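So the protein sequences, as listed, match chains A and B.
Going by the working numbering, the first sequence opens with residue 373, and the numbers climb by one from there.
Going by the working numbering, the second sequence opens with residue 18, and the numbers climb by one from there.
No lab work stands behind these hints, which were simulated from the structure alone.
Bear in mind that the values here come from a model prediction, so they are computed numbers and not experimental data.
You may find that some hints are simply not true.
Now the in silico label distances, taken between C-beta atoms and shown as ranges [as the list claims (entries may be wrong)]:
id	chain 1	residue 1	chain 2	residue 2	range
1	A	P396	B	E234	50 to 56 Å
2	A	G401	B	E140	53 to 59 Å
3	B	E335	A	G444	40 to 46 Å
4	A	V426	B	H188	34 to 40 Å
5	B	T440	A	G401	46 to 52 Å
6	A	V426	B	A417	53 to 59 Å
Straight line, CA to CA, 20 Å or less: simulated DMTMM-like cross-link-like pairs of lysine to aspartate or glutamate [claimed, not checked]:
id	chain 1	residue 1	chain 2	residue 2
7	A	K417	B	E444
8	A	K417	B	D399
9	A	K417	B	D78
10	A	K417	B	E393
11	B	K74	A	E423
12	A	K417	B	E103
13	B	K252	B	E444
14	B	K74	A	E436
Ideal Cβ positions, reconstructed from N, Cα and C, are used throughout, including at glycine.
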Amino acid sequence: MADHEVLTPVPGTFYRRPDPDSDPFKNEGDSVEAGETIGLVEIMKNFQPVEAEVGGTLARFLVETDDTVAAGQPVAVVDDGA
Amino acid sequence: MKRVLVANRGEIAVRIIRAAHDLGLEVVAVYSEADGAAPHVRMADEAVAIGPPPAGKSYLDMTAIVEAAHGSGAEAVHPGYGFLSERADFASTVEGADLRYVGPKPEHIALMGDKARARAAAEDVGVPTIPGSDGAVEDADEAAEVAGEIGYPVALKAAGGGGGRGIRIVHDEATLHSQYKTAAREAAGAFDDARVYVERFITAARHVEVQVLGDGERAIHLHERECSLQRRRQKVVEESPAPKLAEATRTGLLDAAIALCAEIGYRSAGTVEFLVDASSGEFFFIEMNTRIQVEHPVTEVITGVDLIAEQLRIAGGEPLRLRQEDVAPRGCAIELRINAEDPANNFMPSPGSLDHVVLPAGPWVRMDTWMEPGGEVPPFYDSLLGKLIVWGPDRGSALARARRALGELEVEGVKTTKPLLATLLAEDWFAEGEFNTGTLETWLEETTNGSARG
Numbered sequence: 373m374a375d376h377e378v379l380t381p382v383p384g385t386f387y388r389r390p391d392p393d394s395d396p397f398k399n400e401g402d403s404v405e406a407g408e409t410i411g412l413v414e415i416m417k418n419f420q421p422v423e424a425e426v427g428g429t430l431a432r433f434l435v436e437t438d439d440t441v442a443a444g445q446p447v448a449v450v451d452d453g454a
Numbered sequence: 018m019k020r021v022l023v024a025n026r027g028e029i030a031v032r033i034i035r036a037a038h039d040l041g042l043e044v045v046a047v048y049s050e051a052d053g054a055a056p057h058v059r060m061a062d063e064a065v066a067i068g069p070p071p072a073g074k075s076y077l078d079m080t081a082i083v084e085a086a087h088g089s090g091a092e093a094v095h096p097g098y099g100f101l102s103e104r105a106d107f108a109s110t111v112e113g114a115d116l117r118y119v120g121p122k123p124e125h126i127a128l129m130g131d132k133a134r135a136r137a138a139a140e141d142v143g144v145p146t147i148p149g150s151d152g153a154v155e156d157a158d159e160a161a162e163v164a165g166e167i168g169y170p171v172a173l174k175a176a177g178g179g180g181g182r183g184i185r186i187v188h189d190e191a192t193l194h195s196q197y198k199t200a201a202r203e204a205a206g207a208f209d210d211a212r213v214y215v216e217r218f219i220t221a222a223r224h225v226e227v228q229v230l231g232d233g234e235r236a237i238h239l240h241e242r243e244c245s246l247q248r249r250r251q252k253v254v255e256e257s258p259a260p261k262l263a264e265a266t267r268t269g270l271l272d273a274a275i276a277l278c279a280e281i282g283y284r285s286a287g288t289v290e291f292l293v294d295a296s297s298g299e300f301f302f303i304e305m306n307t308r309i310q311v312e313h314p315v316t317e318v319i320t321g322v323d324l325i326a327e328q329l330r331i332a333g334g335e336p337l338r339l340r341q342e343d344v345a346p347r348g349c350a351i352e353l354r355i356n357a358e359d360p361a362n363n364f365m366p367s368p369g370s371l372d373h374v375v376l377p378a379g380p381w382v383r384m385d386t387w388m389e390p391g392g393e394v395p396p397f398y399d400s401l402l403g404k405l406i407v408w409g410p411d412r413g414s415a416l417a418r419a420r421r422a423l424g425e426l427e428v429e430g431v432k433t434t435k436p437l438l439a440t441l442l443a444e445d446w447f448a449e450g451e452f453n454t455g456t457l458e459t460w461l462e463e464t465t466n467g468s469a470r471g
């Protein structure tokens with residue numbers, strides 16, 4: 373079991389859903405593939421995807437929708453199962 | 018009226034504070050937790066914290082803003098642009114709270130915010146709109162019939178779409194039927210609404226807009242601005258007067274803007290936007306923006322009228338001081354928007370600390386900005402750092418001055434659009450005024466591909 377932190381490349385406001393009417397990209401316990409989007413960060417009216425670098429299970433989110441995040445801040449933890 | 022609250026941030030908050038101080042008014046600023054050290058907070062006579070950084074919890078919080086106005090003794094609220102500036106419910110909330118709204122009447126914000134009603138209002142006073150079907154068409158046959166009447170090329174547009182999405186261009190009747198099916202299917206998929214309407218497609222269009230001022234009784238225009246250079250529907254460079262505009266077209270659209278404002282009894286500053294067919298000189302109403310606009314200084318520089326001060330005077334209950342014949346434009350003004358974006362990296366937003374800032378100055382150079390050395394550009398709001406506005410007695414000298422002034426601008430700590438603007442100012446087609454609403458994006462694709470090939 374190895375935990376990997378998913379970092380947001382940009383600062384801004386974090387969202388777990390692609391838009392307010394849709395389901396979250398991922399829930400805790402869901403499987404995740406490398407490169408898959410797990411959230412969005414709104415930066416200056418643009419939306420930048422936050423992608424998992426490794427595949428596995430999304431163990432937990434470290435921030436929630438509407439939280440403000442700094443560049444490089446961990447937003448979630450993925451367990452690669454190894 | 019002695020005290021006005023500015024419900025905005027960034028360069029427009031600074032701009033409004035200056036106009037209010039010039040008139041001897043006191044100013045109340047509002048700010049989010051991200052903006053505590055911002056210049057607008059320091060420049061105001063009083064500043065009220067209204068919430069956390071995300072705009073939804075601060076600059077868009079109507080209750081917090083009205084409470085800030087009441088708590089600070091402000092008698093009026095200026096919304097600036099963006100944020101709450103085109104919300105009829107905000108204007109009526111402000112007026113319902115015994116405050117003056119520095120802007121249009123709420124019913125006019127609502128009228129112009131509804132595209133179909135705005136179009137009907139324009140048609141009522143004989144202002145041309147883009148020829149097309151009366152609402153959505155029933156089927157491909159009706160679309161073909163309408164297209165035959167208005168002439169090809171036509172655009173098939175999703176009735177539920179917007180912002181340029183869901184548009185298909187059709188050049189002849191042979192392809193209309195198949196394109197109609199695709200358009201309807203795409204519209205249903207993208208907007209959950211299969212309805213399609215037909216509109217004439219203008220191959221080479223220029224975006225020309227008219228600045229207006231009204232006091233609810235009388236309205237005047239302050240001439241036009243040319244804003245065709247856009248990327249993703251965001252204006253990049255604006256100027257006045259519009260180059261390559263036939264005198265009959267210019268007169269026609271200035272008169273049309275006044276007719277519309279006079280008919281509805283428009284109050285405050287506003288902008289009536291038109292598309293001009295570059296080949297025929299025909300012009301068509303697109304929409305009216307019921308607020309002050311980013312590019313308003315272009316008009317101020319050629320007319321000598323302080324539009325924000327006029328807005329404040331009108332909100333204070335004064336009648337419009339200017340007659341149409343008092344507005345005499347002189348020379349040429351050009352505005353360049355400086356954004357915290359990296360043009361070399363697909364315009365990636367670039368927040369951060371302003372380690373080093375040198376602003377351009379000198380004769381006929383105006384820099385509307387909130388940038389200062391040591392300033393912080395937060396990631397939560399739009400990327401506009403400032404606007405460089407220059408004047409010259411003619412377009413050639415204004416362009417030369419724009420190049421000189423842009424060269425003086427130094428910003429370190431965040432990426433800016435300065436290099437892109439410098440390249441643009443060196444282009445012959447720009448110097449000759451030969452462009453339309455599609456030119457900038459095509460040029461960006463070509464220059465980006467060119468530099469990638471290196």
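Outcome of the hint check:
As the Cβ distance of P396/A to E234/B is approximately 53 Å, the hint placing it in 50 to 56 Å holds. Under the hint 53 to 59 Å, the C-beta atoms of G401/A and E140/B, about 57 Å apart, fit the expected range. Restraint check, E335/B to G444/A: a C-beta distance of roughly 53 Å breaks the suggested window 40 to 46 Å. Taking 34 to 40 Å as the suggested C-beta distance range, the pair V426/A and H188/B does not conform, at roughly 49 Å.
Distance hint check: the CB atoms of T440/B and G401/A are about 50 Å apart, consistent with the given range 46 to 52 Å. Checked against the hint of 53 to 59 Å, the pair V426/A and A417/B passes, with Cβ atoms roughly 55 Å apart. Taken as a hint, the K417/A and E444/B pair is broken in the structure, with Cα atoms around 30 Å apart against an allowance of 20 Å. This hinted pair checks out: K417/A and D399/B have alpha carbons roughly 6 Å apart, not beyond 20 Å.
Distance hint between K417/A and D78/B is fulfilled; the C-alpha atoms sit about 17 Å from each other, no more than 20 Å. Taking the CA atoms of K417/A and E393/B, the gap is about 17 Å. The hint holds against a cut of 20 Å. With a C-alpha separation of about 27 Å, the suggested pair K74/B and E423/A falls outside the 20 Å cut-off, and the hint is violated. Our distance criterion of 20 Å between C-alpha atoms is met by K417/A and E103/B, whose separation comes to about 17 Å.
Restraint check: the Cα-Cα separation between K252/B and E444/B comes to about 18 Å, which is no more than 20 Å; the hinted pair holds. Proximity of K74/B to E436/A is assessed by CA-CA distance (about 15 Å); at most 20 Å being required, the pair is judged to hold.
Checked against the numbered hints given earlier, this structure breaks hints 3, 4, 7, 11; the rest are met.
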